[in-house]
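This is what each chain is made of:
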Amino acid sequence: MSIGLLSLIILVLAALGYVIGRRKAVGQVEGDIRKLHSLPPFYGRITALLTAVPAFFLIAAWLLAQPLFLENKAISLIDPAELPAGKSAELMMADVRRVAAGLNMLEARGDEVGPLLASPTALKTALNGAGVVLETEPTPSTLAATAALRDAGDTSRLAMTGAALLLALAGLAFGFSRINPEYRARNATEQFAMWLLMTSSLIAVLTTVGIVGSLLFESIHFFRLYPASEFFFSTTWKPQFGGGSSLGILPLLWGTLYVSVIALVVAVPIGLMSAIYLAEYASRSTRAWVKPAIEILAGIPTIVYGLFALITVGPLLRDYFASPLGLGTSSSSVMTAGLVMGIMVIPFVSSLSDDIINAVPQSLRDGSLGLGATPSETIKQVVIPAALPGIVGAVLLAASRAIGETMIVVLGAGAAAQLSMNPFEAMTTVTVKIVSQLTGDTEFASPETLVAFALGLTLFCLTLALNIIALVIVRKYREQYE
Amino acid sequence: MTARPLNPRAALDTRESLLVQDPRTKARNATEKRFRAYGLTAIVVALLALVWLLVSIFGNGLPAFRQTFMTFPVTLDAALLDKGGKRDPADLAKATTFTYGKVLATSLGAEVTAKGIDLGAVQPKDLIKMISEESPATLRNLVLADPSLIGTTIDFTVLASGRIDGYYKGRVTMESAALDKNISPDQLALADRLKTAGVLGMKFNAGFLTMPDASDKRPEAAGLGVAIVGSLYMMFVVLILALPIGVATSVYLEEFAPQNKFTDLIEVNIANLAAVPSIVYGILGLAIFINFAGLPQSAPIVGGLVLTLMTLPRIIIPTRAALKAVPPSIRDAALGVGASRLQTITHHVLPLAMPGILTGTIIGLAQALGETAPLLLIGMVAFVRDFPGAPPDGLFDPAAALPVQIYNWTQRGDPGFVERASGAIIVLLVFLIAMNAVAIYFRRKFERRW
Amino acid sequence: MKDQRLETRVDTQTIKIEARKAQVYYGTNHAIIDVDVDIMDKTVTAFIGPSGCGKSTFLRCLNRMNDTIPSCRVEGSITLEGENIYDPRVDPVQLRARIGMVFQKPNPFPKSIYDNVAYGPKIHGLTRNKAELDEVVETCLRKAALWNEVKDRLQSPGTGLSGGQQQRLCIARAIATSPEVLLMDEPCSALDPIATAQVEELIDELRSQFSVVIVTHSMQQAARVSQRTAFFHLGYLVEFGETGQIFTNPKDPRTESYISGRIG
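Protein chains in written order, with our numbering: chain A, -11 to 470; chain B, 23 to 472; chain C, 46 to 309.
Each hint should be verified, as a subset may be incorrect.
Under 7 Å between C-beta atoms, here's a sample of chain B residues computed to sit facing chain C [said to hold, decoys possible]: (1) L41; (2) Q43; (3) T47; (4) V73; (5) R363.
Taking lysine-lysine and the BS3-like style, the derived pairs with C-alpha atoms no more than 25 Å apart in a straight line are [claimed, not checked]: (6) B:K283 to A:K464; (7) C:K167 to B:K55; (8) C:K175 to A:K368; (9) C:K150 to A:K464; (10) B:K239 to B:K283; (11) B:K48 to C:K175; (12) B:K239 to B:K217; (13) B:K48 to C:K167; (14) B:K191 to B:K217; (15) A:K368 to C:K66; (16) A:K368 to C:K167; (17) B:K48 to A:K368; (18) B:K48 to A:K112.
These are computed hints drawn from the structure, not numbers from a lab. We put the beta carbon where it would ideally sit given N, CA and C, even for glycine.
Bound conformation, chain A alone (with noise of 0.2 Å):
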């Protein structure tokens, strides 16, 4: 059964309970509903609940724990002796995954699967038509784990589907016999809201554990392959598939600070400046159009400023200022990324300066223009400094994610780690090597993979280390003139 047709039996089911839990409750009372405890919705909104909620829990559990139990299975039956070498059990479970959703299509298709399993030749040629490619023909014992991981994906898809309508039914049942006059049906169906809303927000923390737990999981993965020393301390980055690979995050810090500080260079003053001529000199008028038009820049996506970067910005830098000035023929270098980043950042840093200086007491400016400063001394000498730790937050925040942006330097910085000083080189950042690695078939035991994971951590403790310094500088500077 599908998950869709199982949802709706369950909706069903859970309608159905509003219907006969407010029946049975406005019976026993005989219609008089000023007998009851609560009004007579909430009889029927406790039932339904009580027969959705628990079941819908135990198929979004069910589907994302199923693969751990299936799998353990499957790759029992695997023979050793037949492994390609260097080849592990575990790098042969996913040719048996591929293989077993390959079949799962056909099948879906209404081809006949049964004659296909005994013949690997047959069973390849098919794959291949269904567009799952192999590079050889499925071992019989690969064969025998596909029939198994399928075996048990048909029984467990069938487990799922009772033990849901089950306890469904059971959740309706519950809620039906519960139902009495003086059942306090109104408290019982908020402290199962509110129960519901309690989960809602632990979805937020549980995202931070996955997002940490991933990471360090498989960095640990990886450093159990591939020696820490190197990772941090190595200047080559030269990631060899078939072993021997050289994997030194220093060329990628490198190419992102230098990406990161070109960004700011441009960004920053002309954000800041912006913000200033906003807050202090534009009408309210050209306010009204100006600042909502400069937050256009942060609202595009930012594949939009990688194809920029890539047909616009890279060929100009390379024909008027690379190429003539001899420093390099490639139109994808750190200049662009750089450049096109920059842009991208504007409205981060004014938008943010912008209200921070607004922040800023106009009894401050008061007392410098009654001194007779001009705007431009009250804004240099007293706004300024009064707003510095907050437009510093803004500046970190704009660093961070000028490092954690990956469209624009996938598309315009280029893949070549190296520790240049020639900003119309092309270099690389973290970000594109975890796209490079991590893109297309990914098998998770080799080094060259897991790096991906290892360089995820460091981008992340270093935007996270950034932010929570600017929140906190930030915060302090709200405190100050609140």
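Based on the hints, put chains B and C in the right spot on chain A.
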């Protein structure tokens, strides 16, 4: 009591007329003007950057919405297409796209002769190179769907090849064609004559929005159909998950949560999640949803889940602001007549905060729609030509996504894909503008001042 | 005329600021109507009147602080030593150096005490070297009766002082540019009684060097510190004369009502 001036120069100043500016004031005023000019320059630079970006994208992308087509009568020769003559589907399927290509080339040759167009130096067998490789497949599907067409002559519109399309969009010139093995200047000259004869022409390219992606050699046939459907599926997942969870979290934190360490932890958490780089969410999705939970790669459900987690803080923050903006007096009034706290919130606070919540949600969705990096990691880069099925099961089918499709096209060799990528960005921007317009409309319409 | 009678009593006679038919508009709102006022040198002039009567608005016109409000428009003539301060050739920056201002809420800059006082002389270029600047700062702090309290911590931030000290610091800051006229917009309304007394005492001392104009809510304060008093009501200058006369023998019935607490 005679006052001693504080210093000699100050005393001098006071004797000067107000109507004459002293040199120092002049210098200070000049500085003031300069400073103002810097500010204005900064704004102009920022706005020019925006204009430059848009002009570049629109300039490159608008041609994607027009495409070169050729229309001519195609004779579906039964001898070629149905060798058995029994219209048996199995027999019909044996005629490959190669055969259909020959049918098209022959028909085009006949049309050229019929209209008296000079072939020039173009060999009749090279005519096929002027037609997109996609068109024989289209014709074949048409015939397989309706075998009664065999033996008749139909007016059929084919896509011109990418090079000929590029010629009319200025991408291909006679000089570049001379160096190109896919097209020759003679063929371009013939295209010009076909255009004069009315066989070849440009028109609106609806296929760009409805067709699936095409392979590397066929930019002229590449469309956004699957990507748009995939993106819509993901937005659907984000909407049905992030909106309720986001509102529930906000209500809990704003209205019920006790002031303690744990609540603080959740709040700090949400603030930090909003600033985590999007690529990290991609790693999370890969590790948890695909590697651990075994959900399929390239599926909208995984993309939707990842984007949901990413969008949640961006919905929670404005929602909490909207709840905070509802004055406490409303809550007091409702509680005062004996409503429970939950009733107060569902009956009074939430409806009042709804415009703010919806605005925040739409803007969060718009950001999610344009997000690319996390989707790269969960396999959305795969080449997908089949449309996913209907939800909810279709959510588990492979699909593309708009921004990732754009990324994909930037990685292709044929320059025709640059135009496609820019065109796709225009489509993406149109979606974003529409969403933001709705958000602004909500904000304007329901804006309330307390 | 009441001016003539004043001249016989007060010994400092030069007219510093002269306003004739002064009008102030905020957009379409006519906030100040036909005000004629003479501000004498070395005199404390008090502006009193109920809230919203325009006294602060008028005060801010005297050093063109209203320029910072876009919708505000001033007509009529206001002259400083015979020169119209609203003449297009006049630079408000130069004007404000000569007509200083102290605000309702103490607003020291988030800088050190020293830098607060040195701010004016620095921007106007009044001193040639550090020694001169040090001297100006010390003199001004002494005049503001603050020197003894802060001389040991000139480098600590001005925002760390108490409310009364902050306001005296602001006065020191204002007199550091050697203004001829000092405008004070309810300088004591944010202070406690003891700090108020200190500031009032200071105002009385400042009279020896400057012409002081003070806006106040408190009639007692006006009576204590000023020599001349102007009573504003609904944008009109109702009565203007020697303080003693205004409080003991008002000519206008509206003044009398206000003084005796019937309008306010």
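Hints and how they fare:
1. Annotation: interface hint on L41 of chain B holds; nearest CB of chain C at approximately 5 Å, less than 7 Å.
2. Checking Q43 of chain B against chain C: minimum C-beta separation of about 6 Å stays under 7 Å; hint holds.
3. Taking 7 Å as the C-beta contact cut-off toward chain C, the hint placing T47 of chain B at the interface holds, the least distance being around 5 Å.
4. At its closest, the beta carbon of V73 of chain B sits 28 Å from a beta carbon of chain C; the interface hint therefore is violated under the 7 Å criterion.
5. Residue-level restraint check for R363 of chain B is violated (minimum Cβ-Cβ distance to chain C is 40 Å; threshold 7 Å).
6. As the CA atoms of K283 of chain B and K464 of chain A are separated by approximately 19 Å, the hinted pair is consistent with the 25 Å bound.
7. Between K167 of chain C and K55 of chain B, the direct Cα distance comes to roughly 20 Å. Compliance with the 25 Å bound is thereby established for this hinted pair.
8. Distance check on the hinted pair: K175 of chain C and K368 of chain A sit about 21 Å apart at the alpha-carbon level, within 25 Å; holds.
9. Between the alpha carbons of K150 of chain C and K464 of chain A the distance comes to roughly 23 Å, so the proposed pair stays at or under 25 Å and holds.
10. Restraint check for K239 of chain B and K283 of chain B: the C-alpha separation of about 59 Å exceeds 25 Å, so the hint is violated.
11. Among the hinted pairs, K48 of chain B with K175 of chain C is consistent with the structure: their alpha-carbon atoms are about 24 Å apart, no more than 25 Å.
12. Taking the CA atoms of K239 of chain B and K217 of chain B, the gap is near 24 Å; set against the 25 Å cutoff, the hint holds.
13. A threshold of 25 Å between alpha carbons decides the hint, and for K48 of chain B with K167 of chain C the separation of about 16 Å falls inside it, so the pair holds.
14. Using a Cα cut-off of 25 Å, the hinted pair K191 of chain B and K217 of chain B holds, with the two alpha carbons roughly 14 Å apart.
15. Among the hinted pairs, K368 of chain A with K66 of chain C is inconsistent with the structure: their alpha-carbon atoms are about 38 Å apart, more than 25 Å.
16. This hinted pair checks out: K368 of chain A and K167 of chain C have alpha carbons roughly 13 Å apart, not beyond 25 Å.
17. Taken as a hint, the K48 of chain B and K368 of chain A pair is honoured in the structure, with Cα atoms around 18 Å apart against an allowance of 25 Å.
18. For the proposed pair K48 of chain B and K112 of chain A, the alpha carbon gap of about 86 Å is over 25 Å, so the pair is violated.
Violated hints for the displayed structure, listed by number in ascending order: 4, 5, 10, 15 and 18.
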